[in-house]
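Assemble the whole structure, with the sequences as input and the hints as a guide.
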Amino acid sequence: MSRRISERVNSIRPSGIRRFFDLITGRRDVISLGVGEPDFQVPWRIRDEMIYSLERGYTSYTSNKGLKELREAIAEYYRKFGVDTSSENVIVTTGVSEGIDIALRSILNTGDTVLIPEPAYVSYKPLAFLAGGEVVTVSTAPDFRLNYDRLIRYAREFCPKVIVINYPNNPTGITYSKKELEEIADIAVEFDMIVISDEIYAELTYSGRHISIASLNGMEDRTIVLNGFSKAFAMTGLRIGYAIAPDDIIEAMLKIHQYCMLCAPIVSQIGAIEALKNCEEELERIRAVYIRRRNFFVKRLRKMFEVIMPEGAFYAFPSIRNTGLSSEDFAERLLIEKRVAVIPGNAFGDCGEGYVRCSYALDIERLKEALDRIEDFVKSVQ
Amino acid sequence: MKEKTFENLKSADDKYRGYEFRAMEDKKVIEVLKILEDNARITVEEISEMTGYSKEEIKKIIRSKEEDGTILKYKALIDWEKVGEEMVYAIIDVRVTLTREKGYDDIAKRIAKYPEVHAVRLISGDYDFQVVVKGKSLKDVAFFVAEKISTIPEVRDTFTHFVLRTYKEEGVLLFRDEEDRRLAFVP
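Protein chains in written order, with numbering that gives the first Met the number 0: chain A, 0 to 381; chain B, 0 to 186.
The set of hints was computed from the structure by calculation and includes no laboratory data. Please read all numbers here as calculations on a predicted model, not as lab measurements. Hints are all accurate, no fakes.
Label-pair distances were calculated between CB atoms; the ranges are: (1) B/Ser63 to A/Ser176: 36 to 46 Å; (2) B/Asp179 to A/Leu129: 26 to 36 Å; (3) A/Asp328 to B/Arg40: 32 to 42 Å; (4) A/Lys276 to B/Asp179: 25 to 35 Å; (5) B/Lys64 to A/Arg208: 28 to 38 Å; (6) B/Met23 to A/Arg44: 24 to 34 Å; (7) B/Glu80 to A/Arg17: 36 to 46 Å; (8) A/Leu129 to B/Lys64: 55 to 65 Å; (9) B/Asp37 to A/Arg44: 17 to 27 Å.
Cross-link-like lysine-lysine pairs, in silico, DSS-like; alpha carbons within 25 Å at most: (10) A/Lys298 to B/Lys59; (11) A/Lys298 to B/Lys58; (12) B/Lys54 to A/Lys302; (13) A/Lys298 to B/Lys54; (14) B/Lys54 to B/Lys72; (15) B/Lys26 to B/Lys59.
Backbone N, C-alpha and C define an ideal beta-carbon position, used for all residues, glycine too.
Encoded structure:
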């Protein structure tokens, strides 16, 4: 540990997944269920717009908040979810990752409590910590739903200023019902909490339609919605997302954004406009494919493990306890012995121990091969 | 017990449920057909795993759609250029004169029945039909057009385009210039 580095950064644990990269370097024939992005390419019409924009010389900065046309398209898109917002309440960010960072930094004072239901996406905790927050995690295991009684107990005990939720959820694939969201909203209102709602997988909701918590009564003024184009439109490497927040918070976020990011890449912004305007059919097609894969994948997984049916995103989160292995041992041995990569569940919080995250963003043939290998592995362990 | 079919449902309530039932059935049929259209070799079991419908249901759908001619054929899409098999494709625009005795359908059928003819389509624009002809050589195709198509009394004139290269066929790209560049581990 270098003494030149800030104590704060030094105290962040390096990601446990990093060592897995070393295990696969030079290994061929690895099927990775560890990927956190779609296998679809960015729809061609989006790419074509971006290429065309480069040809016409769109390479400058945009306004800090982002192109007006894009912000208007985003506001309109969220109005369809019942969120009464306008382009003035939107900031275009370089992916949701930036959105999480500036959202937390704009509202946290040193020592403020951030409540994070786990298992959760890996960046909430360190970013909250870097913003000076005290992180309190609440386990959602074993059904991965938000338990009202448990939440209210935590709210009472820790008086959190903010709760970070993510649905459809990475890594569990769970999404919340209107009733569950209303319960969270009630708690947020009662305890005067801000809700950061990471809705990056909203378009990949498989049963019913995504409900934004910001659309619920009284929530618009206390919700920071984060979303982006990485998952639905496969624009991961283009780094483009957005935040929707009440006036005071969006102004605060803009202050940070203008200094640390200036603006999101203009080419990605132009692609994002096309994504929102003309890709509904493409999305329909992609969703249908994911649903087929999910059904197929989970059905086969269930022959070996207990798995909750994912309702969105492209992850299944099976319990591997029956193998007697820890999450990390399971992932490591599966990788070394059968060349299938999965992410150990404890990467998403302590309560993820005993689970692994498997992405089904792969074609059926590859999924089949991966499942066969996992089956062999499970047999060899038992 | 009577089988539960749409026709057997009598009351208004039942009828309404019947419409829902039928809409649901239609949805299932379309889903199964879409999966087959993408991969004709997929097994009933796999379709069942992908959709959650029972194997019996799926078998029934496939059988009925084979019988009523909705499913025309199961075939493989082959890039013959890779095999090195010389295959010449030509797209022939055909303009015809209609008579009282001979309409579009009659002429189209006459052209379509030749095994050399790969596809026949009635089209808008200057020409009436687009005919795709498959042959072993340019000469083969040229002679076929001259002897068999141009000589049909209703055919006024033809315009032949030889296909030099195919880039996309039946929605499938015949080239590959994109690879999976994703990292193996992304939380």
